[in-house]
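Given the coordinates of chain A, assemble chain B with the ligands onto it according to the supplied hints.
First to last, the protein sequences are chains A and B. Residues in the first sequence are numbered consecutively from 1, following this note's numbering. Residues in the second sequence are numbered consecutively from 251, following this note's numbering.
No lab work stands behind these hints: they were computed from the structure. Since we're looking at a predicted model, the values are computed, not measured. By construction, the Cβ of each residue, glycine as well, lies at the ideal position given by its N, Cα and C atoms. Keep in mind that a hint or two might mislead.
Said to hold, decoys possible - Partial list, derived from the structure: chain B residues whose beta carbon lies under 10 Å from chain A:
#, residue
1, A386
2, Q412
3, F729
Unchecked claim - What the simulated footprint calls covered on chain B by chain A, stretch by stretch (three residues with Cβ under 8 Å from a Cβ of chain A suffice, anywhere in the stretch; the number is not a length):
#, stretch
4, 323-329
5, 424-430
6, 484-498
7, 823-830
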Amino acid sequence: MKLTLKIWRQKGPNDKGQMATYPIDGIDGDMSFLEMLDVLNEQLIHKGEEPVAFDHDCREGICGMCSLFINGEAHGPDRGVTTCQLHMRKFDDGDTIYIEPWRAKAFPVIKDLVVDRTAFDRVMAAGGFVSVNTSGNTQDANAIPIAKADADKAFEAATCIGCGACVATCKNSSAMLFVSAKVSQLALLPQGQVEARDRVLNMVKKMDEEGFGNCTNTGACEVECPKEISLDNIARMNREFMKAALCHED
Amino acid sequence: MSVLDSKVPGGPIEKKWSAHKNNIRLVNPANKRNIDVIVVGTGLAGGSAAASMAELGYNVKAFCFQDSPRRAHSIAAQGGINAAKNYQGDGDSIYRLFYDTVKGGDYRAREANVYRLAEVSVNIIDQCVAQGVPFARDYGGLLDNRSFGGAQVSRTFYAKGQTGQQLLLGAYSAMSRQIGKGKIKMYNRHEMLELVLVDGKARGIIARNLVSGKLERFSGHAVVIASGGYGNVFFLSTNAMGSNATAAWRIHKKGAYFANPCFTQIHPTCIPVSGDHQSKLTLMSESLRNDGRIWVPKNMEDVEAIRKGTKKPVDIPAEDRDYYLERRYPAFGNLVPRDVASRAAKERCDAGYGVNATGEAVFLDFASAIERYGNEQATMAGMANASREKILEMGREVVKAKYGNLFQMYYKITDDDPYFTPMKIYPAVHYTMGGIWVDYNLMTTVPGCYAIGEANFSDHGANRLGASALMQGLADGYFVLPYTIADYLADDIRTGAISTETAEFDEAEKAVKDRITSLMSIGGSKSVDHFHKRLGKVMWDKVGMARNEQGLKEAITEIKAIREEFYKDLRIPGAMEEFNPELDKANRVADFLELGELMAMDALTRSESCGGHFREESQTEEGEAKRNDKEFTYVSAWEYTGNVSEPKLHKESLEFENIKLVERNYK
Ligand SMILES: Cc1cc2nc3c(=O)[nH]c(=O)nc-3n(C[C@H](O)[C@H](O)[C@H](O)COP(=O)(O)OP(=O)(O)OC[C@H]3O[C@@H](n4cnc5c(N)ncnc54)[C@H](O)[C@@H]3O)c2cc1C
Ligand code: SF4
Ligand code: FES
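So that you can see chain A by itself, here it is in the shape it has in the complex (with noise of 0.2 Å):
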């Protein structure tokens, strides 16, 4: 495959940044998106000029360190994939390919394609926890049952990787799917349930002061989210909300 790659060039936090082009040819389809880069960059060191700084790690759509605007699409064309997980097949010969970084406020540029997502763990430091010490001497893991369908919901929530997708979806740049996603987990389980209240209002609050937008229900975080995180946790959360902030109120 031949293609055209259209991509965010930007030096530092402080540089303005522009679009630069690059021909690639040579693509086979059954390269992941980001060995295409890794091709690009090694050309490029060969060449003497600075690679393309963009984040990864895993590199099988877990560790939330990928992302990437495709096309204008947060993790690219396909669904329920991340950006490592995404493969060359999914696009053809001659095309021509737009790779942008996440463009949020709370998350600025650091180089190139790579931003600063650390926002979101100041969030989780604001109340993403059960306040539970390590002891070796917690109850049983089995004397709280807990019904299937709630463990299973509670699981599909955790299974946010933290990636951003949903914060550079969102026209808001909001960051409610996220949050909810965690909220929803421990809401969802009696342990989390003690703290249940606090916790909605602080993440809340934090999420609001690091610079995150208001949540219009526009739902297009959920259709990028590559982990599929349902638009139900937002609901669920605003629930939590109303209910911590009315009790609040006492």
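Showing chain B with the ligands alone in chain A's frame:
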């Protein structure tokens, strides 16, 4: 040769750990506030250790090279975690888990450590459930289990094919809580490049801030290395792209002995290599062997027809298939340990029966399971006359609920749908049992420097059983290190903060700077990956699944040659003090180029076969690994002497008081 002191406490094996905990010194809460601990790595081992120590009151500084602690490579673990809960009532016990692990490791692990691991395994599951880890449950709301290789009980807890993710997110949330409280200071995108010793004790590290590229100094009263395994020395492996040996190698060069470096695990079920562009290999979890049957055609004509595409696997009738694991190992069948399964696949492929174009693939087939589950569902639903199509459809739903994400992953990579055609799989490098030598307290040979998780060598001997790495990482981090480290830190309650403005830190930083400057100034013509791929090929061909004296000697010469060329012809674009992923890789590959040689040397000195280490010269008539207990019942612990090619071998002899050494038999 010196004798290594493993510090294993006396007494009967079931009492050792509790007695030890009662005897070691403690640090009181007020004093813990004056003590800083550095933890390099935020995977299951480092993440759980950092959180637990912060809860206890220590000031923790945690490091990872990714942009968030949640992305450590543990996230990718798929199949499950073992624990001797005996929830299934199938006869499991702490002793049985201990026994299976020692036997699975081919009797090359330290008994006392393994027993402790089995003992605390039950606490892990309780702890994780309390944190909100959503393990799989049955319809009664209780925890479900599956079976893994090398065991005849069901003791593996799981969360679909994403167990590592769920466990790591549990540890990460425990960390997040402490980060929020200011008890853990998290340094993302930081790479440890040197250990700082003061008066012979580990007192700090030099790390490179991967965003600014600047070197930074950090001090602590103890340093914990939890940096994971070194499988990427082979270039292609199931590890994440950034997984590396640098932290471990740096402490090795400062005095920590490296144990059993040649003990590498080659995992039998991975997606085969498809071409030169390949950057990594993808695991298909061992849990699939619960339901998948492994086979190749019996007849060469069928093999050829499949390769040409004139026949499909489904066209081959049962009697013309060779379910070689079931044939050779009837007692364990498809659930033999990994080393055995990998060699059996290699044996068939070497004999010419590989089922893909490269001749390096076998089938992992779910057709029988789909049919069996479909029938079960039909019976449960009272559908006596269900059509075959309906039955298979229902069977596929069951398989999807169990392994959905793995099947999707396979489909996306290969474009073949495993619900309808068998997967093609082949062994790939997956895990390293070898690692930094540690004593019973998990301390290395450098005072105050600890190693936990995959980075140490301690529990798996020459072969790790599936679902035991997650168990070990969390055991070390939640339940072992937080106790044992106190015994050492008890001497430091009056030390006070350790300054980074000292000659020792100056020197360590300068050493790193000089190293990087020399790499940057080579100005050659080849990329880091070029050298890494060449090293990987030598390692795979000569220090891989089968090893022999001649090949190992050649490997040593070849690795040296590649290393020399690396320092002459490497090109790193950009500058040191900026975000520069090529430089990050160069630092890691420079260390792999030294470690690879040590692995080959270790494999050469161990002329027996054991577990994942298969010396062709030492096999039984049936081609099974043949141990030599008389000469090799020891741990090889290598000391750095100032010249990487001339390390010194120390031996820790292994005593088996509770388990009798016998030939491993899975027939
Ligand atoms: C695909 C796959 C599937 C697996 N499935 C299973 C399974 O089902 N069951 C099971 O028991 N085991 C499984 N394993 C093995 C298991 O996942 C690992 O052995 C285990 O997770 C290792 O954990 P760890 O905490 O020791 O290291 P890791 O999780 O690898 O973490 C290493 C940490 O160290 C950091 N680090 C490394 N070097 C540096 C440095 N120089 N400076 C700063 N930070 C550094 C990294 O950023 C990271 O945070 C699997 C492994 C793979 C590859
Ligand atoms: S909700 Fe989906 S898109 Fe958003 S961070 Fe999680 S996995 Fe990524
Ligand atoms: S690189 Fe890990 S999800 Fe893509």
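Exercise. Could you check the structure against the hints above and give me the numbers of any it violates, in ascending order?
Key: none
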